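The listed protein sequences derive, respectively, from chains A, B, C, D, E and F.
Mapping of the first sequence onto full-length UniProt numbering: position 54 corresponds to residue 54, and the numbering continues sequentially without gaps.
Mapping of the second sequence onto full-length UniProt numbering: position 22 corresponds to residue 22, and the numbering continues sequentially without gaps.
Mapping of the third sequence onto full-length UniProt numbering: position 264 corresponds to residue 264, and the numbering continues sequentially without gaps.
Mapping of the fourth sequence onto full-length UniProt numbering: position 142 corresponds to residue 142, and the numbering continues sequentially without gaps.
Mapping of the fifth sequence onto full-length UniProt numbering: position 58 corresponds to residue 58, and the numbering continues sequentially without gaps.
Mapping of the sixth sequence onto full-length UniProt numbering: position 87 corresponds to residue 87, and the numbering continues sequentially without gaps.
It is worth saying that the hints were derived from the structure and are not from the lab.
The structure presented is a predicted model; accordingly, all values stated were derived computationally and were not measured.
Incorrect hints may appear among the rest.
As the list claims (entries may be wrong) - No farther apart than 27 angstroms at their CA atoms in a straight line, the calculated lysine-lysine pairs in the DSSO-like style are these: (1) E:35 - F:47; (2) D:2 - A:60; (3) D:123 - D:152; (4) E:47 - F:121; (5) C:21 - E:313; (6) C:323 - C:210; (7) C:252 - B:55; (8) E:47 - F:85; (9) E:47 - F:47; (10) B:25 - C:123; (11) C:242 - B:60; (12) D:123 - C:131; (13) E:85 - F:35.
What the hints assert, rightly or not - Just a sample of chain B residues kept apart from chain C, beta carbon distances all over 10 angstroms, derived: (14) 10; (15) 11; (16) 12; (17) 13; (18) 14; (19) 18; (20) 25; (21) 37; (22) 38.
Each residue gets a CB set at the ideal place from its N, CA and C atoms; glycine is no exception.
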Amino acid sequence: MCVAVPVEVIEVSDSEATVDFGGVKKQVNILLVPDVEVGDYVLLHSGCAMQKLDKEEAEKTLELFRELAEHE
Amino acid sequence: MCVAVPVEVIEVSDSEATVDFGGVKKQVNILLVPDVEVGDYVLLHSGCAMQKLDKEEAEKTLELFRELAEHE
Amino acid sequence: MKYLEEFRDVATVKKMLYKLKLESNKKIKIMEVCGTHTMAIFRTGIRDLLPDNIELISGPGCPVCVTPQGYIDTAIELSKREDIIITTFADMMRVPGTDSSLQKQKALGANVRMVYSPLDAVKIAQDNPDKEVVFLAIGFETTIPTIALSVKRVEELNLNNYSILQSLKTMPATMEGLVLDEEIEIDGFICPGHVSTVIGVKPYEFLAEKYGVPAVVAGFESGDIVFALYKLLKMIQDREPKIENVYSRLVKYEGNQSAINIISDIFEVTNSQWRGLGEIKGSGLKLRNEYQNIDTEIKLGISISREKKLKGCICGEVLKGKKTPLECKLFSKACTPVNPIGACMVSEEGTCAAYYKYGKK
Amino acid sequence: MKYLEEFRDVATVKKMLYKLKLESNKKIKIMEVCGTHTMAIFRTGIRDLLPDNIELISGPGCPVCVTPQGYIDTAIELSKREDIIITTFADMMRVPGTDSSLQKQKALGANVRMVYSPLDAVKIAQDNPDKEVVFLAIGFETTIPTIALSVKRVEELNLNNYSILQSLKTMPATMEGLVLDEEIEIDGFICPGHVSTVIGVKPYEFLAEKYGVPAVVAGFESGDIVFALYKLLKMIQDREPKIENVYSRLVKYEGNQSAINIISDIFEVTNSQWRGLGEIKGSGLKLRNEYQNIDTEIKLGISISREKKLKGCICGEVLKGKKTPLECKLFSKACTPVNPIGACMVSEEGTCAAYYKYGKK
Amino acid sequence: MDVITLAHGSGGKLTHQLIDGIFQQYFDNEILGQKNDSALLPEVNGKIAVTTDSFVINPIFFNGGDIGKISVCGTVNDLAMSGAKPLYLTVGFIIEEGLAIEDLRKIVKSIAKTAKEAGVKIVTGDTKVVEQGNADKIYINTTGIGVVTRDIYIGGEMAEPGDKVIINGTLGDHGASIMAQRGDLDFDFSTESDCCLLNNLIEDILNTSNNVKVLRDPTRGGLATTLNEIASQSQVAIELEEEQIPIKAEVRSLCEILGVDPLYLANEGKVIVIVSEEDVEKVLEVMRKNPMGEDAQIIGTIVDSNDSNVYLKTGLGGTRILNMLAGELLPRIC
Amino acid sequence: MDVITLAHGSGGKLTHQLIDGIFQQYFDNEILGQKNDSALLPEVNGKIAVTTDSFVINPIFFNGGDIGKISVCGTVNDLAMSGAKPLYLTVGFIIEEGLAIEDLRKIVKSIAKTAKEAGVKIVTGDTKVVEQGNADKIYINTTGIGVVTRDIYIGGEMAEPGDKVIINGTLGDHGASIMAQRGDLDFDFSTESDCCLLNNLIEDILNTSNNVKVLRDPTRGGLATTLNEIASQSQVAIELEEEQIPIKAEVRSLCEILGVDPLYLANEGKVIVIVSEEDVEKVLEVMRKNPMGEDAQIIGTIVDSNDSNVYLKTGLGGTRILNMLAGELLPRIC
Ligand code: SF4
Ligand code: SF4
Ligand SMILES: [Mg+2]
Ligand SMILES: [Mg+2]
Ligand SMILES: [Mg+2]
Ligand SMILES: [Mg+2]
Ligand SMILES: [Mg+2]
Ligand SMILES: [Mg+2]
Ligand SMILES: [Mg+2]
Ligand SMILES: [Mg+2]
Ligand SMILES: [Mg+2]
Ligand SMILES: [Mg+2]
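Please build the complete structure, drawing on both the sequences and the hints.
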C-alpha cells in the first residue's frame, strides 16, 4: 500500500528538506531520517521522508537483475 | 424619510398582526398600537405598525380636498 | 377605501393645483424636510406644475444621507471582522466611506445582510449565537421606535450578541439646529408626515412661535402635498404663521404615546454627528446607561471618529436648503448615483440623487 | 540515476521474465499483500506474462479498502457537525458508508478536506482555531509514522483542536490474523516494500518459521516484482522457505528505528475492526493513554460501531485470497468503481477495482 | 436522495450517465444525438441571428416558472426581438455539487417542454460541476440561433420621432414575484412571474406590420432602463404616459411597501414594440388577440431630441425623467 | 482596488459601463456593435457547426494561460474537431462579486487576443454577477459557430479497423499543471498547461488527407476516457502502444507522486487524430511541421471488436484495459 517514491534531497533545513523528483520539487518533513544530506535519496510518502536510499544496495540489486537477465 | 404605507389589519394575534396592502400580506409587529382590531388600518414602517389610521379624519381630509378643488 | 389612492385622485388634485396662486410675485421658498416628500414631489411632477415664484427646496430628512462618513468607516471596519454580522437597511449599502462602502465590503466577502426591520436583525442574532450581530441604527423618529422595540426584544430574549451602532437623529431639533442656525430664508415648512405620526404636532410649534415660520404636517400623496402647499401659501399671505396638520388621519396632536414612551424608556438626547457638517447639539439620541451592553461602541470598545467636511461636496449647504445640487461642481460629473461622493447622492431620497434621477438639470 | 526507471528497464525485465519457469506443472499461488503491488502488477501487465501455473492473488493491503463501514458512518456523522472539519486522504472520499459517503456529504455542504499529509491537517487546525479538525487516521506502518508525527506536532504546538479518528493496522499481524487463520493455501508472499521500509524484514520471519511459507520483500518496479517472483519460485521449488529482501536499497533488516520509535512512543497494539470481517485480534494500533486528548472518540464522547458483514459482498474472501472478485455476483454489475459496494471496489488499489479497471474479466 | 457530486462533472462515466440518462432522454433529437465536439446543423437559409444569456436565479423554482423555463424563454425571446425565427439552442449547465438529481431532472424537463413549445431544438450542451459554495444550485447558459427570413430590419437604433411605443402587458411581475419569494422579506404575494415565450406574439406582430422599428424585452433594469438604451441607440427621446403603463395592483403595492419603482423591475414575458404611428392600432389589435398580449397598451411616443432622455408624463401633468437603473435595485426601507 | 459588485450585473448603468468600457473596447467588431438582443451574422455558406462549453477553473490565471484563453481555445478547438472553420463566438460571464476589475480586464484582453489568433469574432455576450460565495471568481461560457466547407464528414463514429491513432504531443500537461497549482498540494512544478488553439493544425491535417475519420480533443477525462467514447461510438476496439504515448518526464513524476494515471489527465491543446493507415505517415509528417504537432506520435490502431474496449499494450508486452474515468480523478496518497 502507500504511494511512495524515491526523491533527491536538494536542500536541507532543520526538520524539512526540499526534494526533487524528476523536476517536481516539494518541501518535506525529514524527522524520520535524521542524518539526511544534500544529494541523498529518500523515500517520500505523504509528505514525510520515510527512509534513506542506500545507493550501493541499489547498484547491487541492479547487478542481480542483470545477472538473472543474462544468466545462461 | 421612511417609507410607510397604510395597511389593513386582517388578523390579530398577541404582539403580531397579519396585514394586507393591496393583496400583499405580511406579519407585522403591533406593540406600538396596542388597541388594534381586525378591520383597522395602521401605518406600516419597517415591520412595525406605527399608528392607527383614523377613518373619520381621512374622510374629513378628503372632504377638504374636494372643497378646495370645487371652490369657486 | 384604501386610504391611499383616494388622496392622489388626479382630477381632484389637478383642480387643487389651480388654487395655488399667490397674490404677489414675491419669490416664496418652501422646504420639505423629509426625503420621502422630496421623492413624492419629483415622482408626481408637482414641482413643474407650481407657479413660477414658488420654489420647493429639499431639507435634511434622509437619514441615510446625513449619516457621517466616519460612521460608515466604522461599520466597514467592523464588517471585516469574522465574528461580526452587519445588519442594515438596504439603502446604507452604497453609502461611501473614506475608501469603500458596505456594498464593496460585501463583494469582498464581508458578512453584511440587508434587513427590512431591526426585528429581523434580532432574528439573525438568535440564529447566529456565535457571531456578534451589529445593527446599523440610523433614522429619525419614525424608525427609532422600531429600533427601540429591537432593544426590548433583545432584553426579553436575554440575547448577548446583538448591539446597535448608533447614529439616531430627531427631527425638530435637527430643523432648529441645522436649518435655523442663522438668518432664516425659508418661508414655510412641510413637516414630515411619518415622523409626526410618532411625535405629533406640538414639537413643531417653535417654528411659528420662535421664528415666525408657518409649517404644515402633511402626508405623501399628491393631494396631501398640494393641500399642504395651499395651506402654507394662505398662512404666508395672511402672515399668520401657525402649525397646521393636514395628515390628521395618521397624525394626532400628541403623536403616538406608546412610541414616544418606548423611545424615552430606552434613549436619551445627545449631540449628533452629521455627514460633512460636524456635530449639532442636541440633534441625536443615544441609548440610556442601562442599555450600554447593547451599544456597539461601548461593547466592542471602539469609537466612531468625528466628522470632517468633505472636499468639493456642498452637501452641507444643500441640506440647509442654501444651495441646490446644481451649484455643486461635482454634481452629475464626479458625483453620480453610481458613484456617490456626498451623502445627498447616496439614497434615492437624497436631494442630489433626486435631482439627478428626476432630471432636474 | 533516479533509482526508479533503472528498475523497470524493459529489455532487462523481459529477459528476467523468461527465467520465471517452474519445473513442475503444479499450480502455485502467490499473494501480493500490498495494494500498490497489485496496481503495479496490473499496470505493467505482468500477470499476462507469467507461466500459466503461477497465479497471483491480491491480499488485504489497501488501507482504504479494509476500513470498516461503521468507521465511515462515524466520519459521516461527524462531518455533519458545523464545528468539525474532516481531513482525509483523498481515496477515502468515495468509500461507501451505510447510506452515504464523504464525497456526498461534501456535496451536501459538509466541511471535508482532502490532504496530502496528516501534517497538512495540523496546519488546517492551526488556521481554524474555532473548529475541531478530525483527521481520518487509517493506514498501515508506512503511514502510521507520519500520523505519529502529526500527533507530536500537535503536542508541541499545544493545539487542542486536532484529533484523529483511528483505524490503524499493522501488516504482519494482519497477515497472520487474516490470511493465515486456517489451512494455508498460499505458496508464497510478496511482502509490502514500503511498510518494510519502516518495520524491516524481521517481522515477517514467522511466515517461514511458523507456516513454512517463503516471502520476499520487494519494491514496486517491474524488475523488483519479477525478481521477487523469481526468488519465490526458487524457494518454493527448493523447498527452502525463507524471508528474502530484494528491496535492500530502501529496506534494512531492522527497518527505520526512528520511525519504529515514534510509533511505539505514541501507539500501542489493539484489536482492530475490518470492513465486512469484524474484529481481528492484535491487528491494530491505538493511541497510548497519555494521548487520549487526541483520540476523536474519547474527546468527543462517541464510539465507532462494531463491524457487521455486508450482504452479497464477498470482500472477506477476496481479501483472504480465497476467492477472486469474479466469483462475486455483484462484481461489475451492482458494484462498480462509480458505485462501489464493498471495500475492495473503493480504492483504485482495491482488488475488485483493480480487476475492474484492468479488465480482468 | 441522490445528488450531483464533482464526479458528475469529471467527464467520465457519471458525466455520460447524466448525458444519456437525463439530457439525451428529454432533449432527444437527431442533432443532439451526434455526440461529437460540435453539432452539425442542417443548412440555414437566411440571415442568422445569435444570442446568448446566462441564467442565475434564486429560487430556481419560482411562482410562474423555473430556471429551466426562463433559460429557454429568455433566449428564444431575444431571437424573436431581432425578428428571427428561433431554431436551435445550446445549453450549458454549471451545477453546484449537492443539487438533487431530481431537481436537475425537473429543470431539464422544463427546458425540453419550453423548447418544444418554442419550436426549437437543443443541439448541444455542456455540464460542469463546481464545489459546494461555488455556485447557487445551478446556472444555465443558453445560446440561441435563429434565422431572419423577412426582409425587414429591426433594431434599437431604428426608432423615429412619431413612432409609438407599445407594451404587451403589465410591468414588473417577474421582478416583484422573485423579490417577494426570496425568503428574507417574507411577504405573501400571489402575482406570478410573467416568464413566457414571446415568439408567437412577435410572429403575429410582424405578420401585421412592416413598420415595426424596434422590439426589445425589458428584462434586467426594467422598462425604464431598456427604453433608455433604445433612446440612446436611436438618438431620440421617448415620452411615456404614466397612466397608460399597465401595472398590476399587487405589484404596485409591493413596490410601495419596499420603496422601489416598478418601472425598474425585471420582466421576462414583456416586449416593447416601437412601430410607426400609422400601424400602431392594427398592431395593438393583433397583440390583444394573442394570449401574451391581452393587456397590451400604447404607452408612449418617440420624440425628436438628441438628449436621448426618457420622459414620463405623470397623471397630474408633470414630467420627470426616467434614468437608467443606477446600481442595484434595492428595497428602500428607510 | 475596484471590484465587481452586484450593481455591475443589474442591467443598469454599471452594466453598460462594463460593456462599453471593457467588452466593447477589446472585442471590438461591427457585429458586436449592433447592441441588439441578437447579433445578426453575415450569410454563412456551408454546413453550420455549433458547440458550447462553460469554463470553470481554479486558478483563473495559470501557468500557460488563463480562463479567458482557455474559454476561446476550448470552443474553437471543438469546432475544428468537427472539421469546421471557426467563425463566431458568444461569451457569457458569470462573475462573483469581489472580482478585481483589473482581473476582468486581463481576462477580456486574453479572450480578445486568442480570438484574434483564431480568426473568430465575438459577436454577442452576457454578464451576470452573483453574490460572494456563489461562484469561484468567474465562469465563462463560450458558444462557437463555424462552417464546414469541405466535403468530408468527421465524427466519433467513423473509426474503422486498421485506422491509426495519432496524438499531437505530450499528454496530461494541463491537468498536471493545474493540479500542481491548486495550492493545497504545494508542489514546485514547471510544466505549463498545453492550452492552445488547434484550428491551424487541423487545417493542415485536412489539407493533407481526405481520410481523416475522427478528430477529438481529449479534455476532461483525458486520453483514456476520450478513446473510450470513440470506441463505443464506432463500435470498435482501440489498441494503444504504451511506449509510444508521449508524456513529459515532469508530468510522469507528478503522477507517480500522487498516484494518478496521466492518461486520465485533462489536456487543452491535444487532438486525437484517427486516420486511415495509408495516410497516416503523411498526416504525421505535416503535423510535426506545425508548432502544435512537433511531438506528434502514432500511438495506436483501431481493431475490429465489438467490445468497444481500449487496450494498452505495456512496454513489457502485457495488455491492460483502459476504462473510462470513474468518479473524480483524485490523488491517491495512500
Ligand atoms: S452632487 Fe454629490 S458632491 Fe455635490 S453636493 Fe451633492 S452629494 Fe455632494
Ligand atoms: S465486487 Fe464489490 S461487492 Fe463484490 S466482493 Fe468486490 S467489493 Fe465486494
Ligand atoms: Mg471536445
Ligand atoms: Mg442575449
Ligand atoms: Mg436576454
Ligand atoms: Mg463540454
Ligand atoms: Mg452556494
Ligand atoms: Mg433582451
Ligand atoms: Mg462542446
Ligand atoms: Mg470542449
Ligand atoms: Mg444578456
Ligand atoms: Mg467562492
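Checked hints:
1. The straight-line distance between the Cα atoms of residue 35 of chain E and residue 47 of chain F is roughly 17 angstroms, inside the 27 angstroms bound, and the hint therefore holds.
2. Between residue 2 of chain D and residue 60 of chain A, the direct Cα distance comes to roughly 15 angstroms. Compliance with the 27 angstroms bound is thereby established for this hinted pair.
3. Between the alpha carbons of residue 123 of chain D and residue 152 of chain D the distance comes to roughly 13 angstroms, so the proposed pair stays at or under 27 angstroms and holds.
4. Taken as a hint, the residue 47 of chain E and residue 121 of chain F pair is honoured in the structure, with Cα atoms around 17 angstroms apart against an allowance of 27 angstroms.
5. Between the alpha carbons of residue 21 of chain C and residue 313 of chain E the distance comes to roughly 23 angstroms, so the proposed pair stays at or under 27 angstroms and holds.
6. Restraint check: the Cα-Cα separation between residue 323 of chain C and residue 210 of chain C comes to about 24 angstroms, which is no more than 27 angstroms; the hinted pair holds.
7. Of the pairs offered as hints, the one joining residue 252 of chain C and residue 55 of chain B holds, with about 13 angstroms between alpha carbons and a cut-off of 27 angstroms not exceeded.
8. Taking the CA atoms of residue 47 of chain E and residue 85 of chain F, the gap is near 18 angstroms; set against the 27 angstroms cutoff, the hint holds.
9. Taking the CA atoms of residue 47 of chain E and residue 47 of chain F, the gap is about 14 angstroms. The hint holds against a cut of 27 angstroms.
10. With a CA separation close to 20 angstroms, the supplied pair residue 25 of chain B and residue 123 of chain C stays within the 27 angstroms bound.
11. Under the criterion of a C-alpha separation no larger than 27 angstroms, the hint pairing residue 242 of chain C with residue 60 of chain B is consistent with the structure, at around 20 angstroms.
12. For the proposed pair residue 123 of chain D and residue 131 of chain C, the alpha carbon gap of about 24 angstroms is at most 27 angstroms, so the pair holds.
13. Between residue 85 of chain E and residue 35 of chain F, the direct Cα distance comes to roughly 19 angstroms. Compliance with the 27 angstroms bound is thereby established for this hinted pair.
14. For residue 10 of chain B, the requirement that its beta carbon stay farther than 10 angstroms from each beta carbon of chain C is met, with the minimum near 13 angstroms.
15. At roughly 18 angstroms from the closest C-beta of chain C, the C-beta of residue 11 of chain B stays outside 10 angstroms, upholding its exclusion from the interface.
16. For residue 12 of chain B, the requirement that its beta carbon stay farther than 10 angstroms from each beta carbon of chain C is met, with the minimum near 16 angstroms.
17. The beta carbon of residue 13 of chain B sits about 16 angstroms from the closest Cβ of chain C, which is more than 10 angstroms, so the claim that it is off the interface holds.
18. Once the 10 angstroms rule is applied to beta carbons, residue 14 of chain B is consistent with being away from chain C; the minimum gap is 13 angstroms.
19. With 10 angstroms as the threshold on Cβ separation, the claim that residue 18 of chain B sits away from chain C holds: the shortest Cβ distance comes to roughly 15 angstroms.
20. Every CB of chain C lies more than 10 angstroms from the CB of residue 25 of chain B, the least distance being 14 angstroms, so the non-interface label holds.
21. Its beta-carbon lying about 16 angstroms from the closest one in chain C, residue 37 of chain B satisfies the requirement of being farther than 10 angstroms from that chain.
22. The beta carbon of residue 38 of chain B is kept farther than 10 angstroms from every beta carbon of chain C, the shortest such distance being approximately 16 angstroms.
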